[in-house]
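In order, the protein sequences belong to chains A and B.
Per my numbering, residue 42 is the first one in the first sequence, and the count goes up by one each step.
Per my numbering, residue 52 is the first one in the second sequence, and the count goes up by one each step.
Hints should not be assumed to be uniformly reliable.
[What the hints assert, rightly or not] The calculated lysine to aspartate or glutamate pairs, modelled on EDC-like cross-linking and capped at a C-alpha distance of 20 Å, are:
#	chain 1	residue 1	chain 2	residue 2
1	B	LYS171	A	GLU97
2	B	LYS343	B	ASP474
3	B	LYS545	B	GLU515
4	B	LYS417	B	ASP450
5	A	LYS271	A	ASP257
6	B	LYS175	A	GLU97
7	B	LYS175	A	GLU93
8	B	LYS186	A	GLU97
9	B	LYS186	A	GLU93
10	B	LYS240	A	ASP215
11	B	LYS171	A	ASP215
These are computed hints drawn from the structure, not numbers from a lab.
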Amino acid sequence: MRRYVLKRLLQAPALILLVAIINFTLIHIAPGDPAVYLAGSLGQARPIEFLENLRESMGLNRPLHEQLWIYLSRVFQGDFGYSYTHQRPVSVLILGRLASTVILMGVSLLISVVLGVLLGVAASKKPYSKVDNIITSTSLIVYSMPSFWVGIVFILIFAYQLGLFPVGGMRSMDPANPTLDILWHLILPATVLGLGRLALYMRLTRANMLEVLRQDYVTTAWAKGCDETKVYYGHALRNALLPVVTVVGFQFRFLLTGSVLVETVFSWPGIGHLLFVSVLERDYNLIMAIFFFGSAMVVIGNLLADLAYALLDPRIRYR
Amino acid sequence: MKNQLVIIGLAALVLLAPFSHVNGLEPLYGGTLRVGFATSKEMFNPTLHYSGVSGLFHRDIFNGLLSWTIDYDIEGDLAKSWEIRDGGKTFAFQLFQGVKWHDGKPFTSADVKWHYEMLKELGKTTPTPLGPYVKDIESIEVPDEYTVIFKCRNVHQLSDWVGGYGDNLILPKHLFEGTDMRTSPYNLKPIGTGPFKYVSHQGTEYLRLQANLEYFRGRPYLDEVVYRFYAKTETGLIALEAGEIDAISQTLGIPFPEIPRIKQHEKITVEGFGYDTVIRVYFNFREEAQKKNPWLADINVRKAIAHAIDKNTILEKVLYGITTTTWGPFSNRLKWAYPSELYEMEPKYDLKLAEKLLDDAGYPRKADGFRFKAKLTVIGSQAVLAPVVKDYLVKVGIDVDLEVLEHTTWLATYFNAPDGLKDIPLALAIGGTGPDPSKSGTLYHSKMVPAVGGENCQFYNNPEADKLYDAASSEMDKTKRADLYKKVAVIVAKDYPCVWLFNNYKIEAWNKDFMNFPRRMYAFWKKEGQKDVWWTKGKPLATTTVPTTRPVTTTSAVTPTPPAAMPIELIAAIAVLVVAAAGIALWKRGKPPKT
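Build the full structure now, drawing on both the sequences and the hints.
So, in structure tokens, the structure goes:
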């Protein structure tokens, strides 16, 4: 197992490097650059030398391969560059929003996985029954609704009409209890995000549970007189969770990259919205850094998923 | 009788005086204004942060030398007076005395000198809007603490010193000199001279400002201003209706479809206004485009297109009446330089005339019903208007192929590219003429092509217009300048290089508990931010103090109160006066005449 983990960790840098090169190329293919955006935001004519000076200060007038080399050598020294639109180091910008992003995405992931799995198990108990049909169709309807629309509806109902939650943001000013205040602000956006992915985990769990429940060892468990909880949660679910773990591994990157739509609707200060705006503003350094961390999270997430496999299924051994 | 009238008048004064604040007669002090603002950067240095959305709150904290008025005149901000010498090469500013930075240090001419020298240096590596102008400064003299004299190599207009995008706002020399501006802590804890001082902020969630009680033009009415940042206009609007904020700034606006509903709201006022930038459809005069689309060269075809677009209906149905139509190379908001003939010249919507002009020009409808094809490239911000304009042109037989591009992509593809619009015949975008008509020269002077950084990406060329633009740029007398710009506006308009549609617009909304809110001018141009806004539930000055720290809670309740109704005491006072006047009149009538 240790060898396996070490092997995966050694492969990770190569994978991340490849992703960084692809991202770099794709970003530079898009028309415009930060200089064009900045000059355009001034709303007036700019002399060509102004744009040229700007490009020179950002290193944009160098050949692409040179820019890539400079960028990669800085990144491997921990320097992710400077954001010309924010006028601050990129690492400061990302770190400033990291906690808020992880909180939102982590809680929403928890909601979607826990609720999704529980509903999947409930639906699998009596397939095609009324309960199963209600759970399946409701979760599919919610899954089909765009998250930004659900977000606005939630704000209108729970914040505006009922006044139970704030309209947006992450914090109030001068709250009596800052932690509870953040939790209060978190409930709506985390729920919207969690509901959006809930159907995925529900369907996955249900399908796998139905498969697993047909296995001989489950029949044996019933025959031995195990109660429902032990059969479903002790024996069947553990095996049915393997595909769910895979999907959670893939979703891991969202812990860092956030969700653009929900963060925008709820004005949540996360990295998702930051990424969206940086693409519009052609803030190359910021885009690259977010993608870099995102790809690192994918690698880590997949590794954790593989390790979770081994925990869940003792038959799985890595060499 | 005369004596009785005097007595009644004096009584009215005494009885009505306590109610003079009602309905905006006399502002009150106190309160916190919570403003919904578009998501901004966490950067409060206006020199480094030249993004459209920051214009508003920087003007609460900082001042510049000059500012624009609502009528696009120039007024002093930190400059009390000024002199233009040497035919526009020397500008001497006399500064207000007694101005202090928020940390108590005095503001002097040394700050202004340092600021402009800093801009000059900074401009070598970092772009700033004033860069091209400060580069031309030869020397800055400060003969005393309140006088600063700029000597330039070339002639400049006073408007060049007004600026507006942020770097015209003076920074404190004593805090920035000798430091690396990019890493200064004062980028996040700004110290200015403005009517409001920085208190705190939380990332890009909110910014809290407090009244500067020692502001040199008198303290603001409000105690505090809090900017809450929203990424989506819909969320901001819900927050306003829910009472979480008191106003929505023009940076955030409100969604168009909500305008009619919000206008009916009993507690909220909505106002849109058009400002000095013009939304236009423009024609490509590049040889390449004209070869491929020969109809471009025919002025009657261009006129036909102008007559084919029903601006008034678009204004009413699509833009909900929030702006105004305009015609000409610069906005009709610049009244001092706008020729009245252009109001008559503005083409009326006339489909029959448009069809006739196209038929007479040699472009009859073919079997498919179309006369010719035309590609219309559209910048993302005008995506709302694009299909509407297309529909009007299709009605007169022009087969329009729409290309809507995201903002930066459009700039890179057409605006900044050396070949401008390339061979695309039509474009729908904004012409940023700015608060001074001289800026329209960057759009219509033949020399101001993209290759030199100009905005004439349609390659319009009229030598007569060029001469007038050149003459106006070096004319220092405002009346003569106005005449020159009026002439050039008519000449350019007669060429139909564009179908000028509307003044670009902004929308603001606010709770009726607050007065003096609407800007009706672009946030960049207005000085002093929220200084003149006041709260109807405030108090007269003598009874108001600004607390050092305060929770922001109660200025607008979750259920905002209705607009101030006339109080019962006022009604009683008026009733007393009316009865007294009637009584005196009756008594006089009953008295026998003197003999």
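Outcome of the hint check:
1. B:LYS171 / A:GLU97: holds (17 Å)
2. B:LYS343 / B:ASP474: Given that 20 Å is the threshold and the Cα spacing comes to 7 Å, the pair holds.
3. B:LYS545 / B:GLU515: holds (12 Å)
4. B:LYS417 / B:ASP450: holds (11 Å)
5. A:LYS271 / A:ASP257: With Cα atoms ~15 Å apart, LYS271 of chain A and ASP257 of chain A stay inside 20 Å; holds.
6. B:LYS175 / A:GLU97: holds (10 Å)
7. B:LYS175 / A:GLU93: With Cα atoms ~11 Å apart, LYS175 of chain B and GLU93 of chain A stay inside 20 Å; holds.
8. B:LYS186 / A:GLU97: Between LYS186 of chain B and GLU97 of chain A the Cα gap is close to 18 Å, so the pair holds against 20 Å.
9. B:LYS186 / A:GLU93: Holds, because 16 Å separates the two Cα atoms, which is no more than 20 Å.
10. B:LYS240 / A:ASP215: Holds, at roughly 18 Å.
11. B:LYS171 / A:ASP215: violated (41 Å)
The structure is inconsistent with hint 11 alone, although it conforms to all the rest.
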